[in-house]
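Asker: Quick note, the sequences are listed as chains A and B, same order.
Everything in the first sequence is counted per the numbering used here, starting at 1 for the first residue and increasing by one.
Everything in the second sequence is counted per the numbering used here, starting at 1 for the first residue and increasing by one.
Think of the hints as simulated: they come from the structure by calculation, not from any bench.
Quantities reported herein were computed from a predicted structural model and do not represent experimental measurements.
Don't be surprised by glycine CBs; every beta carbon is placed ideally from N, CA and C.
Since no wrong hints were added, every one of them can be taken at face value.
Some chain A residues near chain B, calculated using beta-carbon distances under 7 Å:
id : residue
1  : V488
2  : E565
3  : Q659
4  : A686
5  : A722
Computed footprint of chain A on chain B; a stretch qualifies when at least three of its residues, placed anywhere within it, have a C-beta under 8 Å from a C-beta of chain A:
id : segment
6  : 36 to 45
7  : 50 to 63
8  : 116 to 125
9  : 180 to 194
10 : 203 to 209
To list a few chain A residues with every Cβ distance to chain B over 10 Å, as calculated:
id : residue
11 : L450
12 : G626
13 : I630
14 : I739
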Amino acid sequence: MLNCVQCGAQNREGSKFCNNCGARLKPQSGLICPMCGTPNQMESVFCANCGARLTPLTTASAPNPTPSAPPIKGLSLPAKPATPPSEKTDEPAATTPADQENTSVPDWLARLRDTAPVDEEPTISPPPLSDDAPDWVKALRSESLEEAPHTPAEPTAPGVATPESDWLTQLRAAAPQESATTQGEEPQAEPEPQLPSTPGSGEAEMEAPSWVEHLSAEDTAEDTEATSEPTAPPWFERASSQRSFEEPPPEETGIPDWLAEIRAPTEAPASQEPSEPAVEQEPLSPPAETEIPDWLSQARTEPVTPADTQEVKSAEDLIQALEDQAPSGEPPPEPATMAAEVATEDLPDWLRMAMPAAQTEAEQPEPALEIPAAPAIEPAKPEEVPAWVAALKPAQLISPSPDQFAGEPAEAAGPLTGLRGVLPLAIAVAEPHLSTKGGAVPVTKRDARLFDSILAEPSSEAELPVAKKAKRVWTIRPLIYLLLALAVIVPFLLPDDLAGSTIRISNTPAAEFYDVIQQLPANSTVVLAFDYDPSMMGEMDAQARAIARDLVRRRIKLIALSTLETGPQIAQRILDDAAAGNLSYRYGSEYLNLGYLPGHEAGLAQLAATGLPLNSPDFAQRQSLGLYPITGNVKTLRDVALVIEFAGTEDALRMWMDQVQSRGVARVAAGVSAGVEPKARAYRDAKQLAALLSGLVGAAQYEILSNQPGLAVTSVNAQSAAQVVLIALIVLGNIVYWISRARGTAK
Amino acid sequence: MTDVVGVWVGAILTLLVFSYLLGDTPLFRLAQAIFVGVAVGYATTVAVYLVLIPRLVYPLAFDPGTNWPLFIPLILGLLLLLKLRTTWAPLGNSPIAFLFGVGGALAIGGALSGALLPQLGATLVSLSPAQGWETVASNVLLVVGTIGAFLSFRFITGAQRPAARALDTLGRGWGYFGRWFILIAFGAIFAGTAVSRVSILINRVYYLMHDWLQVVR
Numbered sequence: 001m002l003n004c005v006q007c008g009a010q011n012r013e014g015s016k017f018c019n020n021c022g023a024r025l026k027p028q029s030g031l032i033c034p035m036c037g038t039p040n041q042m043e044s045v046f047c048a049n050c051g052a053r054l055t056p057l058t059t060a061s062a063p064n065p066t067p068s069a070p071p072i073k074g075l076s077l078p079a080k081p082a083t084p085p086s087e088k089t090d091e092p093a094a095t096t097p098a099d100q101e102n103t104s105v106p107d108w109l110a111r112l113r114d115t116a117p118v119d120e121e122p123t124i125s126p127p128p129l130s131d132d133a134p135d136w137v138k139a140l141r142s143e144s145l146e147e148a149p150h151t152p153a154e155p156t157a158p159g160v161a162t163p164e165s166d167w168l169t170q171l172r173a174a175a176p177q178e179s180a181t182t183q184g185e186e187p188q189a190e191p192e193p194q195l196p197s198t199p200g201s202g203e204a205e206m207e208a209p210s211w212v213e214h215l216s217a218e219d220t221a222e223d224t225e226a227t228s229e230p231t232a233p234p235w236f237e238r239a240s241s242q243r244s245f246e247e248p249p250p251e252e253t254g255i256p257d258w259l260a261e262i263r264a265p266t267e268a269p270a271s272q273e274p275s276e277p278a279v280e281q282e283p284l285s286p287p288a289e290t291e292i293p294d295w296l297s298q299a300r301t302e303p304v305t306p307a308d309t310q311e312v313k314s315a316e317d318l319i320q321a322l323e324d325q326a327p328s329g330e331p332p333p334e335p336a337t338m339a340a341e342v343a344t345e346d347l348p349d350w351l352r353m354a355m356p357a358a359q360t361e362a363e364q365p366e367p368a369l370e371i372p373a374a375p376a377i378e379p380a381k382p383e384e385v386p387a388w389v390a391a392l393k394p395a396q397l398i399s400p401s402p403d404q405f406a407g408e409p410a411e412a413a414g415p416l417t418g419l420r421g422v423l424p425l426a427i428a429v430a431e432p433h434l435s436t437k438g439g440a441v442p443v444t445k446r447d448a449r450l451f452d453s454i455l456a457e458p459s460s461e462a463e464l465p466v467a468k469k470a471k472r473v474w475t476i477r478p479l480i481y482l483l484l485a486l487a488v489i490v491p492f493l494l495p496d497d498l499a500g501s502t503i504r505i506s507n508t509p510a511a512e513f514y515d516v517i518q519q520l521p522a523n524s525t526v527v528l529a530f531d532y533d534p535s536m537m538g539e540m541d542a543q544a545r546a547i548a549r550d551l552v553r554r555r556i557k558l559i560a561l562s563t564l565e566t567g568p569q570i571a572q573r574i575l576d577d578a579a580a581g582n583l584s585y586r587y588g589s590e591y592l593n594l595g596y597l598p599g600h601e602a603g604l605a606q607l608a609a610t611g612l613p614l615n616s617p618d619f620a621q622r623q624s625l626g627l628y629p630i631t632g633n634v635k636t637l638r639d640v641a642l643v644i645e646f647a648g649t650e651d652a653l654r655m656w657m658d659q660v661q662s663r664g665v666a667r668v669a670a671g672v673s674a675g676v677e678p679k680a681r682a683y684r685d686a687k688q689l690a691a692l693l694s695g696l697v698g699a700a701q702y703e704i705l706s707n708q709p710g711l712a713v714t715s716v717n718a719q720s721a722a723q724v725v726l727i728a729l730i731v732l733g734n735i736v737y738w739i740s741r742a743r744g745t746a747k
Numbered sequence: 001m002t003d004v005v006g007v008w009v010g011a012i013l014t015l016l017v018f019s020y021l022l023g024d025t026p027l028f029r030l031a032q033a034i035f036v037g038v039a040v041g042y043a044t045t046v047a048v049y050l051v052l053i054p055r056l057v058y059p060l061a062f063d064p065g066t067n068w069p070l071f072i073p074l075i076l077g078l079l080l081l082l083k084l085r086t087t088w089a090p091l092g093n094s095p096i097a098f099l100f101g102v103g104g105a106l107a108i109g110g111a112l113s114g115a116l117l118p119q120l121g122a123t124l125v126s127l128s129p130a131q132g133w134e135t136v137a138s139n140v141l142l143v144v145g146t147i148g149a150f151l152s153f154r155f156i157t158g159a160q161r162p163a164a165r166a167l168d169t170l171g172r173g174w175g176y177f178g179r180w181f182i183l184i185a186f187g188a189i190f191a192g193t194a195v196s197r198v199s200i201l202i203n204r205v206y207y208l209m210h211d212w213l214q215v216v217r
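Bound conformation, chain A alone (with noise of 0.2 Å):
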């Protein structure tokens, strides 16, 4: 069977999920995480998966000089600053218990005697254990019964025979000695460590608040049978007061040992006297609150609230829930008929197998308990106990050896006095130290051990490989560099006479292009537009100087500008070599350099819209454009005949056609790269240019038209041999490439 680690309900064996809560089965093969619910192995102290304790911190075992406090109910007190005694008995019934609730109890003491009157009902106890059930659970069990502090000291007599397990013995025989240092007995022969409550003990270095000792008082009386009741608070008498009027006395035969606690807490305030606490409580006054961590007040808090112990459903939480549904009008059911049905039907399974069989036997011949026949219920075996109460076994059970934390320095100060393995620093320093900062994995290890291998051998300079010279690999790139050069250069040195011979000028755009320039009216003006730079030169001077020359030759007036700071420049030259072919040709009243117009877009949209710059100066001369004799009739540039953009890139271009063009105020041609060539063609194809010329060989098929051969069809040759070179290198690199692929050994 399978126990859900959630409700703790039974489960078939192989099952995946719980059928009562729906959650996730684990094998319980280990010790499993009460905060996870890993299995891990039975020694385990911390769990392979989230780290959290798997194993209670207790006390340590060994002898230690330092005076701790017993294990009582699991809690570590609080340590007190030492008092002298004679402090103490300074003032010994000066404050009364109003006053310690006003002045001397802490805040989590005074919230704990607010609830308490409402939470901490008389509760029943639940069932006794089988003598088959495991030890740990008695210890739980007894445990819960020594959490109520107005449970009544149950008689039991001294030496029975009832199996206990070894802490259990410790824990009960650790009792009486506080019970009887309190109350001022003579101490035990035993050397327990005590608390120094007292007074008159003459060791008040550590003190435990008063409830604790009250507690402790009534283990006492448990298993001496000492008649003296124990000082109870105010608060606690109130609360069991008030639960003898709620429930009637049960009756005193036939009902178990674990329902005579019941009882006994309704009747022991009808027959408990005043209390005298001027001298109990005014020494066990808990420490200052300053001196109790946040985490140890809380602690301190939770056994003593039911309400925070919802994780043990004991009977007392089922029994009192089922009071509180029962209608007012009926008499309330007898506790042992409530335990019964609780513990036969409400109770966990783990906890209803854990009932002595025995005592349900004797309980069945009992009509009005109506307690059905229980089958003889096999006691609980250890893999059936739910993970969270496995969580609580103590320690001493858990752990195979009881020193574990042996080797762990004990506590010498503070709440957690004597205690070890607090801080677990000899599992830190065993602990192999990796750095968490890059991630110590294995790689990193072995990195580091051939790290200092390295480190460790001799270095000698002498052993180390000398690098070799890398090795050059021929590549075909010279070659290519090499055919390319013979291409561009053994044209030049043929003869003139195959200087453009090969060049077709029929239907040609530069055709269309002359045909345009031919059609242009002598004398009137054309602006011509330098927009390319130094390095656009060498392709497009020719197609200047061809068309500047050809004007000039027709008489045209010429006005250059540019929209690149460079332009200027080569717009003078190649107007004044122009020019040079025409002495009536003079600077201002046949042609003209505007220079350089700045904006770009908005510079040629301003010309297009306002006209020339006539304030602006021109750039040979540097006087005003309005004093020139060729702006006396152009204005603006629908004054001009055409414009020929000349474009060594795209944007240039596309300024002009979307700036001017569009606005239809001037016929523009255009000179361009023969990179710019098919963008320039779809303006040309779409009416927009009235004429293209493009690259070296529009230039050298207008030098041709023009009847004036010049550089363009001088270098027309050596610009077709290379373009033949280029050719068959990519041909042929193709060609080798397919090879290459069809073999598998392409790249």
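With the hints as your guide, set chain B onto chain A.
Answerer: Chain B in isolation, oriented as in the chain A frame:
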């Protein structure tokens, strides 16, 4: 003498640039630095002496009453200089915004009227056989290629109805056909660029052989 020095300087710089064939040599870096420095210095000189002084400083200095609108670009230009200092850089956002706003408006308006609409209109060609088979074939190819180029950027799929599925198949096939038009156009641009660079190479070789070495006429 001046021409001879100029030719030698030009020839040496040309050879420095050609040294790039052997790799990224310091000689090429030297020529590159010289060209960049000269270009920037020349552009600055032109901007100052051909733009700022004659078109801004002189008008404001000699006739500020008439040319008072020039104070606006002057102020904007001065604010633009504040971009050089980090703490005052926000004051230079206004001229930047002005430049970008005007430039963007001009570019969008010019693109619509100078490129988009005219180019769309150019595709509205006649397919009448009366124009001759060559013209018709060219126009058909133009229309098919243009629409195919548009459809190649179509990324819609998953039609359910039969008619829509058939239309989707047609569009996908047409787009595949148009993609080849785009590739051919890219090839033409690359070839034109290569030809342009070869022309520049020829000009430099001719310069070395004609002007410097004088081995050709």
